[in-house]
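Protein sequences appear in the order of chains D and S. Sequential numbering of the first sequence, starting at 1, is according to UniProt numbering. Sequential numbering of the second sequence, starting at 1, is according to UniProt numbering.
Errors might be hidden in some of the hints.
[Unchecked claim] A few chain D residues facing chain S, derived, Cβ under 7 Å:
1) A96
2) D173
3) I275
[Stated by the list, open to error] Covered stretches of chain D, going by a simulated chain S footprint (3 or more residues, C-beta under 8 Å):
4) 85-94
5) 97-103
6) 276-284
Worth flagging that the hints you see were computed from the coordinates, not collected in a lab. Bear in mind that the values here come from a model prediction, so they are computed numbers and not experimental data. In this text, a Cβ means the ideal position worked out from N, Cα and C, and glycines have one as well.
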Amino acid sequence: MMSQLIQSIVDALSAGATLGLAALAIGLVFGVIRLANFAQAEIITGSAYCLIFTWDLGWYVAIPLSILVAIAMSLLMEFAVFSRMRTANPATLLIASFGLSFLIQRVYELMFSNNVRTAPVASGLAQTVEFAGVRVQLLSIATIVIAGALLLGLQLFLTRTSQGLQLKAAAADFKTARLVGIPAGRVIGLSFALSGILSAAVAFVLTVQTGAVGPSFGVQITILALVGAVIGGIDKISGSLAGGFLVGFATSMLATWLPQEMSNFKDAFVFVLVIGVLLFRPSGLLIKGRGVART
Amino acid sequence: MIDRTATSDEVALSAPRGLWYRLGPIWSLISLLAIVYLVTLVNSFLGDSVQVQLQYALVNLIIVVALQIFIGTSGVLSFGHVAFVAVGAWTVGLLTIEPELKRNLLPDLFPFLFDLNAPWFVAVLIGGIVGGLLALVVSPVLMRLNGLQAGIATFALLGVVNQVLTYWSSIGPRSGQSMVGIPDVLNLQTTMLFAMAAIVAAWLFQRTKPSRLLRAAREDGIAAASSGINVVSQRIIVFAVSGIVAGVAGGLFALTNRVVQSSQLNIELTFITLAMLVLGGMLSLSGAVIGTLVFSLVDVLLVRMQNGLEIGNFIVTVPQGARAIVLGLILVGMLLFRPSGITGGREFVWPFRKDRPLPGMPPTNEA
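Starting from the given sequences, assemble the full structure and let the hints guide the process.
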């Protein structure tokens, strides 16, 4: 019982970490240009395809390449589409990113067909290890380590470098940041690039987990990440992270501990929770008061 | 807030008015009904496969009208209307499948549902009521939210409803299965009449007090609230009305598709109907109608082209799969270059009147 509890907590931590990273990727961009980018899903899918196709060449080729693909796609979306819609409101931007997501999914279907592509990506991580009677997947631990390292790196970047501080300032209040001379274009590009890196990490974890990638590979996690970011407080970088983590953790725990006949409804429980949170804290869990309405 | 003080030109204009001018607001209704009628008429000569697609298009038209009633009037995003469509479809499925068949196909139903049966027309109306009731029940919670939060919360509603319909076998098929055996009673003409009825209903509703108050709140929430408008309660009314329309559309979807499956009533349908509304222009009823018809016609054309379309001596062919890409490109391009949609949020008016109504305001005779 005890070991089962610890095991489920490790799994939930890993699920929460993955979703937290995905939500953070959305929150970083949203903080700067008010765009909840649903097409993040397609960045994750693209990066995952890259891992699958290049894994034969060795991990030291595949992983850097998949990160590059994610950054390139993220920047391309910004330059081709979103940079032309700066005056649109968040709801319109969300619909536009839905449209983009739909479009890119169809392109994937055309290029790689509807069937999933498979490759044994980092199959070593799929093993189970046992210590002190607790059996955990190596991948769960790897996920937690990757997420921790990325967050630490991001934290150092945001607080110790000039570029990072500029980004942080822009995410807190874009208008004022521009007034004090922070270059808008560069900060926006930076936020998209960082969110690309985070997406690549999410893609890696998910690809190792499933070993199979199809055109709608990234959609499920992006939906949950978007939901998580909003309930945590998408206005704040830490809010998105915490919200994403919470949704991932709760979903995983519910999947383990709900009685058999109820476990099919685990997502329904999470969504009811989401509506409840939004009702009492419409701006998000980590935002005090009603939040500042910004345009 | 858009300030509309009458200019001297308008005062001069307002004095003598012809019959056509007085018919201004009705003109927008008549032209929409005529367009739907003509499209149906033309398509009914084009063979069976097009007719089937058109019937789906008309059902989508009703869903988009329902979306427009809420999103266009309130300016609040909703990803949740397909939930009302889904419960409408479920209701019609449960009420129209033969009791004998139901016992065999859906063995886990609540016992009282086995013998519940209704003529299809009544079933569609009940579907509308169920959709409206669901909207009414959830609206006190959802209608307090704005912007992105409203979008996410309505999306969560869709998620909950979809999971319940998928897995709760006491009110439907077992998970992974679908409801079959829905009678073949709906033809193209009847569907067209339903679509027209939905347009008339939406047009009439535009003229009621809740709709006017909510449009005012959409333009400037703070000003509306300080003029004594209770935005939340007006939104609840409008949400429930659009829920009824969406429920009816769901019932018609069940009768058109004749198989009801929760996976068909989920994110994809939400996205496609929203795309249609955005394409036409979400602030006007004309936008909902034009957007749906244009989207559907392009779709029909592209499907034809994938199979090779003959125009004179030429055969135009596009590769398989290009259809969805073109539709996606149209939507993204529209959002980039004309975010207010084809109609720009305007309604049709008598083409020769001089004062064009503002976007989103239905044309009226009061100057």
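Notebook entry, point to check: Of the hints given before, which are not true for this structure?
Noted result: Checked against the structure, the only hint that fails is number 2, while the rest are satisfied.
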